[in-house]
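Engineer: Start from chain U and add chain F according to the hints.
Residue numbers (the working numbering), protein chains in the order written: chain U, 32 to 142; chain F, 187 to 299.
Just so you know, these hints were derived from the structure itself, not from any lab.
Backbone N, C-alpha and C fix where the C-beta goes; we use that ideal spot for every residue, glycine too.
Certain hints may be false.
[What the hints assert, rightly or not] Taking lysine to any residue pairs in the SDA-like style, the calculated list, with each CA pair at most 25 Å apart, reads: (1) Lys-72/U to Arg-254/F; (2) Lys-69/U to Ala-225/F; (3) Lys-266/F to Arg-254/F; (4) Lys-69/U to Gln-188/F; (5) Lys-57/U to Gln-247/F; (6) Lys-69/U to Ser-55/U.
[Claimed, not checked] The calculated label-pair distances, taken between Cβ atoms and stated as ranges, are: (7) Asp-97/U to Ala-196/F: 39 to 45 Å; (8) Ser-244/F to Ala-75/U: 24 to 30 Å; (9) Ala-112/U to Gly-202/F: 40 to 46 Å; (10) Ala-196/F to Ser-100/U: 39 to 45 Å; (11) Gly-202/F to Thr-113/U: 40 to 46 Å.
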Amino acid sequence: SQWGEENLQALSIQEGEDVTMNCSYKTYTTVVQWYRQKSGKGPAQLILIRSNEREKRSGRLRATLDTSSQSSSLSITGTLATDTAVYFCATDSSGSWQLIFGSGTQLTVMP
Amino acid sequence: AQTIHQWPVAEIKAVGSPLSLGCTIKGKSSPNLYWYWQATGGTLQQLFYSITVGQVESVVQLNLSASRPKDDQFILSTEKLLLSHSGFYLCAWSLWASSYEQYFGPGTRLTVL
Chain U
32 SQWGEENLQA LSIQEGEDVT MNCSYKTYTT VVQWYRQKSG KGPAQLILIR SNEREKRSGR
92 LRATLDTSSQ SSSLSITGTL ATDTAVYFCA TDSSGSWQLI FGSGTQLTVM P
Chain F
187 AQTIHQWPVA EIKAVGSPLS LGCTIKGKSS PNLYWYWQAT GGTLQQLFYS ITVGQVESVV
247 QLNLSASRPK DDQFILSTEK LLLSHSGFYL CAWSLWASSY EQYFGPGTRL TVL
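Bound-form chain U, shown alone (with noise of 0.2 Å):
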């Protein structure tokens, strides 16, 4: 597997609050993503974290990316309930046409 960790878990926060996700991978990876899948729909990504980046922002998402550790985070500020959904991170296989997704994120914001 490409993953290391096991980075299925849930997480319930209250609206308002921040929030850290994390998944480390195995391999060498040209960029991590995060897509964020809400029920019953497909994926969408959020940010995506080049291998020659070590943080990403877009709006209330920060993405880092830590090469020598081989871990990747995605932080969200001041969560919404609209946020609610599972959080996944992805690699690229060292630049092969396989997308492989870590086990995924349910975050649950309580209004």
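Structural biologist: Structure of chain F alone, referenced to chain U:
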């Protein structure tokens, strides 16, 4: 604007019966196409990818096959369904290799009884 359509929305099928799921992308010429499978509560597993008409590569073996008969169409099928085929099937497209954003369709929920 590009749109991705999957059909059917949901299927309930018997073990041993055939299956055909479809995916159409409109508004994008020569996209890269992908099929994914997702067990309930699980992660996404890429099954197939195609970078051109008539050419499909398998990523994992799950007794499924895929075809790309037209530039904008991707078909997933099997002649004999197994219980383990139950799940959520997602079609996706991208402009370039998987190192770039993939755009997912709404999915097809398959229940095999």
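Engineer: Could you run down the list of hints and mark each one as holding or not?
Structural biologist: For each hint, the structure was consulted:
Note on Lys-72/U and Arg-254/F: the hinted pairing holds, with a Cα-Cα distance of about 24 Å set against a maximum of 25 Å. Between the alpha carbons of Lys-69/U and Ala-225/F the distance comes to roughly 15 Å, so the proposed pair stays at or under 25 Å and holds. Between Lys-266/F and Arg-254/F the alpha-carbon distance is near 20 Å, which keeps this suggested pair within the 25 Å criterion. Between the alpha carbons of Lys-69/U and Gln-188/F the distance comes to roughly 20 Å, so the proposed pair stays at or under 25 Å and holds.
Using a Cα cut-off of 25 Å, the hinted pair Lys-57/U and Gln-247/F holds, with the two alpha carbons roughly 22 Å apart. The straight-line distance between the Cα atoms of Lys-69/U and Ser-55/U is roughly 22 Å, inside the 25 Å bound, and the hint therefore holds. Between Asp-97/U and Ala-196/F the Cβ separation comes to about 41 Å, which falls inside the hinted range of 39 to 45 Å. The hinted range of 24 to 30 Å is satisfied by Ser-244/F and Ala-75/U, whose Cβ atoms lie roughly 26 Å apart.
In this structure the hint that Ala-112/U and Gly-202/F lie 40 to 46 Å apart at CB holds, the actual value being about 44 Å. At about 42 Å, the CB distance of Ala-196/F to Ser-100/U agrees with the hint of 39 to 45 Å. Separated by about 42 Å at the C-beta atoms, Gly-202/F and Thr-113/U satisfy the suggested range of 40 to 46 Å.
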